[in-house]
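Protein sequence lines, in the order shown, are assigned to chains E and V.
The first sequence begins at 1 in this note's numbering and counts up one residue at a time.
The second sequence begins at 1 in this note's numbering and counts up one residue at a time.
These are computed hints drawn from the structure, not numbers from a lab.
For clarity, every value in this text was computed on a predicted model and none was experimentally measured.
Idealized CB from N, CA, C, for every residue including glycine.
Just to be clear, a hint being listed does not mean it is correct.
Below, in silico cross-link-like pairs of lysine to aspartate or glutamate (DMTMM-like), each with a Cα-Cα straight-line distance of 20 Å or less [unchecked claim]:
| hint | chain 1 | residue 1 | chain 2 | residue 2 |
| --- | --- | --- | --- | --- |
| 1 | E | Lys8 | E | Glu18 |
| 2 | E | Lys28 | E | Glu18 |
| 3 | V | Lys162 | V | Asp143 |
| 4 | E | Lys28 | E | Glu12 |
| 5 | E | Lys13 | V | Glu152 |
| 6 | V | Lys128 | V | Glu38 |
| 7 | V | Lys128 | V | Glu138 |
| 8 | V | Lys162 | V | Glu138 |
| 9 | E | Lys8 | V | Asp158 |
| 10 | E | Lys13 | E | Glu29 |
| 11 | E | Lys13 | V | Asp41 |
| 12 | V | Lys128 | E | Asp24 |
| 13 | E | Lys25 | V | Glu38 |
| 14 | V | Lys128 | V | Asp103 |
| 15 | E | Lys13 | V | Asp158 |
| 16 | E | Lys25 | V | Asp39 |
| 17 | V | Lys162 | V | Glu152 |
| 18 | E | Lys13 | V | Glu167 |
| 19 | V | Lys128 | V | Asp158 |
| 20 | E | Lys28 | V | Glu38 |
| 21 | V | Lys162 | V | Glu105 |
| 22 | E | Lys8 | V | Asp103 |
| 23 | E | Lys8 | V | Glu138 |
| 24 | V | Lys128 | V | Glu71 |
| 25 | V | Lys128 | V | Glu33 |
| 26 | V | Lys128 | E | Glu18 |
| 27 | E | Lys13 | V | Glu38 |
| 28 | E | Lys13 | V | Glu61 |
| 29 | E | Lys28 | V | Asp39 |
| 30 | E | Lys13 | V | Asp103 |
| 31 | E | Lys8 | V | Glu33 |
| 32 | E | Lys25 | V | Glu105 |
Pairwise CB distance ranges (calculated) [claimed, not checked]:
| hint | chain 1 | residue 1 | chain 2 | residue 2 | range |
| --- | --- | --- | --- | --- | --- |
| 33 | V | Asp143 | E | Ala27 | 30 to 40 Å |
| 34 | E | Glu29 | V | Ser134 | 26 to 36 Å |
| 35 | V | Ala65 | E | Pro39 | 43 to 53 Å |
| 36 | V | Gly50 | E | Glu12 | 41 to 51 Å |
| 37 | E | Ile26 | V | Gly50 | 45 to 55 Å |
| 38 | V | Arg126 | E | Glu29 | 25 to 35 Å |
| 39 | E | Glu29 | V | Gly52 | 40 to 50 Å |
| 40 | E | Met31 | V | Thr55 | 34 to 44 Å |
Chain by chain, the residues:
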Amino acid sequence: MREYLRSKTWAEKVESIERMNVADKIAKETMRKALARGPART
Amino acid sequence: MQSVLRALNRLVSDGVILAYAIGGAIGAAFYIEAAQTEDVDAFTVLPSSGSGLITLTAVYEALTAMGGVVEREYVRFGNWPLRVLTDANPLIAEAIAEAVAVDYEGTPTRVFRAEHLCAVALQTGRSKDYLRVSMFLEQGAVDPQALLSLAERFGLADRMGKVQRGES
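With the sequences and hints as input, model every part of the structure.
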């Protein structure tokens, strides 16, 4: 795993950070919408 | 990221700043595994002003003229908020002066040397900064003796010791 990470270029690592940020943003937005809807009615 | 680096290079060629170098987590990703961060830290040397006051107004104006959008203390280009910092102390001034010229997918830029990234992290001193220094050491991405020597020179030897003893 470490050798794999070392073999990645700087740009590849920055792109992976960018993807993490986008995923994080989507997760936060989904959570915000879920909280705004309130508890599910059963 | 390309647009951030091109904008920084343009600041230099237009004389708005004298030099810059990338530090922080994005700079660290040049040497070690990527760690999540939401911004790009660019450390800059500004031309001296007549008054002696340091102001980033000209930098912000130039960046917005290039299409950047000001958001709080950042200027956003695409997905990346750029944080413009200054050579606020001797360690950062040295880190900028000795930064390494590198290439980001065809765009020239400069990044702090590994020792300086770690020393600036020690100086900043948050938990995540100590963790970054540990990662450099664990991954063999920094020469421990060179870092210790730098840490001693800038009064950071105690903090370096904490990282080495795992107390941070």
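Hints and how they fare:
no. : hint                                : in the structure
1   : Lys8(E) with Glu18(E)               : holds (15 Å)
2   : Lys28(E) with Glu18(E)              : holds (15 Å)
3   : Lys162(V) with Asp143(V)            : holds (17 Å)
4   : Lys28(E) with Glu12(E)              : violated (24 Å)
5   : Lys13(E) with Glu152(V)             : violated (31 Å)
6   : Lys128(V) with Glu38(V)             : holds (14 Å)
7   : Lys128(V) with Glu138(V)            : holds (15 Å)
8   : Lys162(V) with Glu138(V)            : holds (15 Å)
9   : Lys8(E) with Asp158(V)              : violated (33 Å)
10  : Lys13(E) with Glu29(E)              : violated (25 Å)
11  : Lys13(E) with Asp41(V)              : holds (16 Å)
12  : Lys128(V) with Asp24(E)             : holds (18 Å)
13  : Lys25(E) with Glu38(V)              : holds (11 Å)
14  : Lys128(V) with Asp103(V)            : violated (27 Å)
15  : Lys13(E) with Asp158(V)             : violated (31 Å)
16  : Lys25(E) with Asp39(V)              : holds (14 Å)
17  : Lys162(V) with Glu152(V)            : holds (13 Å)
18  : Lys13(E) with Glu167(V)             : violated (29 Å)
19  : Lys128(V) with Asp158(V)            : holds (17 Å)
20  : Lys28(E) with Glu38(V)              : holds (14 Å)
21  : Lys162(V) with Glu105(V)            : violated (37 Å)
22  : Lys8(E) with Asp103(V)              : holds (14 Å)
23  : Lys8(E) with Glu138(V)              : holds (18 Å)
24  : Lys128(V) with Glu71(V)             : violated (24 Å)
25  : Lys128(V) with Glu33(V)             : holds (14 Å)
26  : Lys128(V) with Glu18(E)             : holds (19 Å)
27  : Lys13(E) with Glu38(V)              : holds (14 Å)
28  : Lys13(E) with Glu61(V)              : violated (30 Å)
29  : Lys28(E) with Asp39(V)              : holds (17 Å)
30  : Lys13(E) with Asp103(V)             : holds (14 Å)
31  : Lys8(E) with Glu33(V)               : holds (9 Å)
32  : Lys25(E) with Glu105(V)             : violated (26 Å)
33  : Asp143(V) with Ala27(E): 30 to 40 Å : holds (39 Å)
34  : Glu29(E) with Ser134(V): 26 to 36 Å : holds (33 Å)
35  : Ala65(V) with Pro39(E): 43 to 53 Å  : holds (49 Å)
36  : Gly50(V) with Glu12(E): 41 to 51 Å  : holds (45 Å)
37  : Ile26(E) with Gly50(V): 45 to 55 Å  : holds (48 Å)
38  : Arg126(V) with Glu29(E): 25 to 35 Å : holds (27 Å)
39  : Glu29(E) with Gly52(V): 40 to 50 Å  : holds (45 Å)
40  : Met31(E) with Thr55(V): 34 to 44 Å  : holds (39 Å)
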